[in-house]
Amino acid sequence: MNRGKPNQLARCHACGQVQSLARSKQESHSQQEASSRQAPPAHTKCIRCHSHVSLRIPQSIHKTWALLITAAILFIPANLYPVMTVVTFGSGEPATIFSGVIQLIQADMIPIAALVFIASILVPLFKLIGMAFLLTAIQRQWRINQQYATVMYRFIHFIGRWSMLDLFMISILVTLVNMESVARILTGPGATSFGALVVVTMFAAHTFDQRLIWDLLDKDNHK
Amino acid sequence: MGREINNAQYANLLLCPDCDLLIDKVTLSPNETAVCSRCQAKVLRHPKNSVNKVIAFALAGLLFYLPANFLPIMSFELLGFEATNTMLNGVSQLFNEGYYWMAFLVLMCSVLVPLFELGLLLTIALQMKFNKTNSLTTKLLLAYQHLSEWGMLEVYMLGILVAYIKMITMGSILVDMGLFCFVGMLVSALLTASCFDTQHAFDQLEANA
Numbered sequence: 027m028n029r030g031k032p033n034q035l036a037r038c039h040a041c042g043q044v045q046s047l048a049r050s051k052q053e054s055h056s057q058q059e060a061s062s063r064q065a066p067p068a069h070t071k072c073i074r075c076h077s078h079v080s081l082r083i084p085q086s087i088h089k090t091w092a093l094l095i096t097a098a099i100l101f102i103p104a105n106l107y108p109v110m111t112v113v114t115f116g117s118g119e120p121a122t123i124f125s126g127v128i129q130l131i132q133a134d135m136i137p138i139a140a141l142v143f144i145a146s147i148l149v150p151l152f153k154l155i156g157m158a159f160l161l162t163a164i165q166r167q168w169r170i171n172q173q174y175a176t177v178m179y180r181f182i183h184f185i186g187r188w189s190m191l192d193l194f195m196i197s198i199l200v201t202l203v204n205m206e207s208v209a210r211i212l213t214g215p216g217a218t219s220f221g222a223l224v225v226v227t228m229f230a231a232h233t234f235d236q237r238l239i240w241d242l243l244d245k246d247n248h249k
Numbered sequence: 302m303g304r305e306i307n308n309a310q311y312a313n314l315l316l317c318p319d320c321d322l323l324i325d326k327v328t329l330s331p332n333e334t335a336v337c338s339r340c341q342a343k344v345l346r347h348p349k350n351s352v353n354k355v356i357a358f359a360l361a362g363l364l365f366y367l368p369a370n371f372l373p374i375m376s377f378e379l380l381g382f383e384a385t386n387t388m389l390n391g392v393s394q395l396f397n398e399g400y401y402w403m404a405f406l407v408l409m410c411s412v413l414v415p416l417f418e419l420g421l422l423l424t425i426a427l428q429m430k431f432n433k434t435n436s437l438t439t440k441l442l443l444a445y446q447h448l449s450e451w452g453m454l455e456v457y458m459l460g461i462l463v464a465y466i467k468m469i470t471m472g473s474i475l476v477d478m479g480l481f482c483f484v485g486m487l488v489s490a491l492l493t494a495s496c497f498d499t500q501h502a503f504d505q506l507e508a509n510a
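Each protein sequence line maps, in turn, to chains Z and R.
The opening residue of the first sequence carries number 27 in this note's numbering; numbering runs sequentially from there.
The opening residue of the second sequence carries number 302 in this note's numbering; numbering runs sequentially from there.
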């Protein structure tokens, strides 16, 4: 199948304009450098919207790993520290994300417990493991099913935002339960880590270049 | 420039954004979507009557915006104490507790970005409708594309639902006018975004130029 990269054709990620990154003959002549014809610039400006254009996101694997490791570290305080504290008549009861889920189960609110569990624990965990798998597969050139890998990446990209559920819920609860000495809900330090976790994993999904999944096929063909 | 001439021949080519497949550009009838034959990514859309719809839905969304943000969404009563929640007092409460970064995040995702999105799309659509497009339109389109991922009204809606169900057993909780305005804003914003396609807008800008 004919692809963009072997032809030095790049798609502008912003406006979709297809353009050639290969230097024209005149240009490479003027630079008196024959090798530059083989090595196109890593990135240039889009001819239509002037965004950066490149064949692949530069340093995609490294950037994604860096963000992913940051996220994995943030995952620990996000789950160990309380995200909110319910204070009733002066005595506080700190709740982590996980103990919040347990409390919901004990209160017989199973569907909501499942929802919070999926959005706050399973989704970040799945994102971390899934992205690490894709990155390793690309680096080690594993034979993976490109279709499945793409679907998996799209899923990871799509569900990321839904983890913000917990933060929005906290911002609502702190105002609703604000009865001075009777009952109050206070934010806990875990919430900051959790927010950072969600943002960092969203950036990780963003810097990952999913065309690298399909680049694995080229390598198979060459062998 | 040699590069510009070279690029004319690529005008009828598409590259799949997801798998880098070279695809011949097809002409779509309104409301048709072209998908990549290999990875099923949407490579080309032709939203029907996009400009007029975007103007209508974005205006509706902006009308709902102020009441949705300032009117109480829910109120909660316990032992004679009453507290109400608006989108903005949630942010200010987090800020007062010293969680500046969280307050900023919630403010961005649920209040500021949705406003920018609606405002940007309305401006772009109005410029296109009256053929007043210029280099600013391109900048606005790019700004919209970078921001759109961070608007999370639909997630906030789920947050409202979960908070509501959580509080039901604890005391008496009432939904308020703000919630209806919020739902109106949410629906308008979703419709605006679904009627708009950045790439299609860029193609139209180029065709009009």
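Just so you know, not all the hints are guaranteed correct.
Here are the simulated DSSO-like pairs of lysine-lysine, each with C-alpha atoms no more than 27 Å apart in a straight line [what the hints assert, rightly or not]:
#  : chain 1 : residue 1 : chain 2 : residue 2
1  : R       : Lys430    : R       : Lys440
2  : R       : Lys343    : Z       : Lys71
3  : R       : Lys440    : R       : Lys349
4  : Z       : Lys89     : Z       : Lys31
5  : R       : Lys430    : Z       : Lys31
6  : R       : Lys430    : R       : Lys343
7  : R       : Lys430    : R       : Lys349
8  : Z       : Lys89     : Z       : Lys71
9  : R       : Lys433    : Z       : Lys71
10 : R       : Lys349    : Z       : Lys71
11 : R       : Lys354    : R       : Lys440
12 : R       : Lys343    : R       : Lys354
13 : R       : Lys433    : R       : Lys354
14 : R       : Lys354    : Z       : Lys71
15 : R       : Lys326    : R       : Lys343
16 : R       : Lys349    : R       : Lys433
17 : R       : Lys326    : R       : Lys349
18 : R       : Lys433    : Z       : Lys31
Just so you know, the hints here were simulated from the structure itself, not pulled from any lab data.
Each hint, compared with the structure:
1. R:Lys430 with R:Lys440: With Cα atoms ~17 Å apart, Lys430 (chain R) and Lys440 (chain R) stay inside 27 Å; holds.
2. R:Lys343 with Z:Lys71: holds, 24 Å
3. R:Lys440 with R:Lys349: holds, 24 Å
4. Z:Lys89 with Z:Lys31: holds, 21 Å
5. R:Lys430 with Z:Lys31: Not OK: Lys430 (chain R) and Lys31 (chain Z) at ~37 Å, beyond 27 Å, violated.
6. R:Lys430 with R:Lys343: The hint holds at about 26 Å.
7. R:Lys430 with R:Lys349: holds, 14 Å
8. Z:Lys89 with Z:Lys71: holds, 21 Å
9. R:Lys433 with Z:Lys71: Roughly 25 Å separates the two Cα atoms, so the pair holds.
10. R:Lys349 with Z:Lys71: With Cα atoms ~31 Å apart, Lys349 (chain R) and Lys71 (chain Z) exceed 27 Å; violated.
11. R:Lys354 with R:Lys440: Since the Cα atoms of Lys354 (chain R) and Lys440 (chain R) sit roughly 22 Å apart, the hinted pair holds (cutoff 27 Å).
12. R:Lys343 with R:Lys354: holds, 21 Å
13. R:Lys433 with R:Lys354: OK: Lys433 (chain R) and Lys354 (chain R) at ~18 Å, within 27 Å.
14. R:Lys354 with Z:Lys71: This hinted pair is violated, its Cα atoms lying about 32 Å apart.
15. R:Lys326 with R:Lys343: Given pair Lys326 (chain R), Lys343 (chain R) holds - Cα atoms ~13 Å apart, limit 27 Å.
16. R:Lys349 with R:Lys433: holds, 21 Å
17. R:Lys326 with R:Lys349: holds, 18 Å
18. R:Lys433 with Z:Lys31: The given pair, whose Cα atoms are some 36 Å apart, is violated under the 27 Å limit.
Checked against the numbered hints given earlier, the structure breaks hints 5, 10, 14 and 18 and satisfies all the rest.
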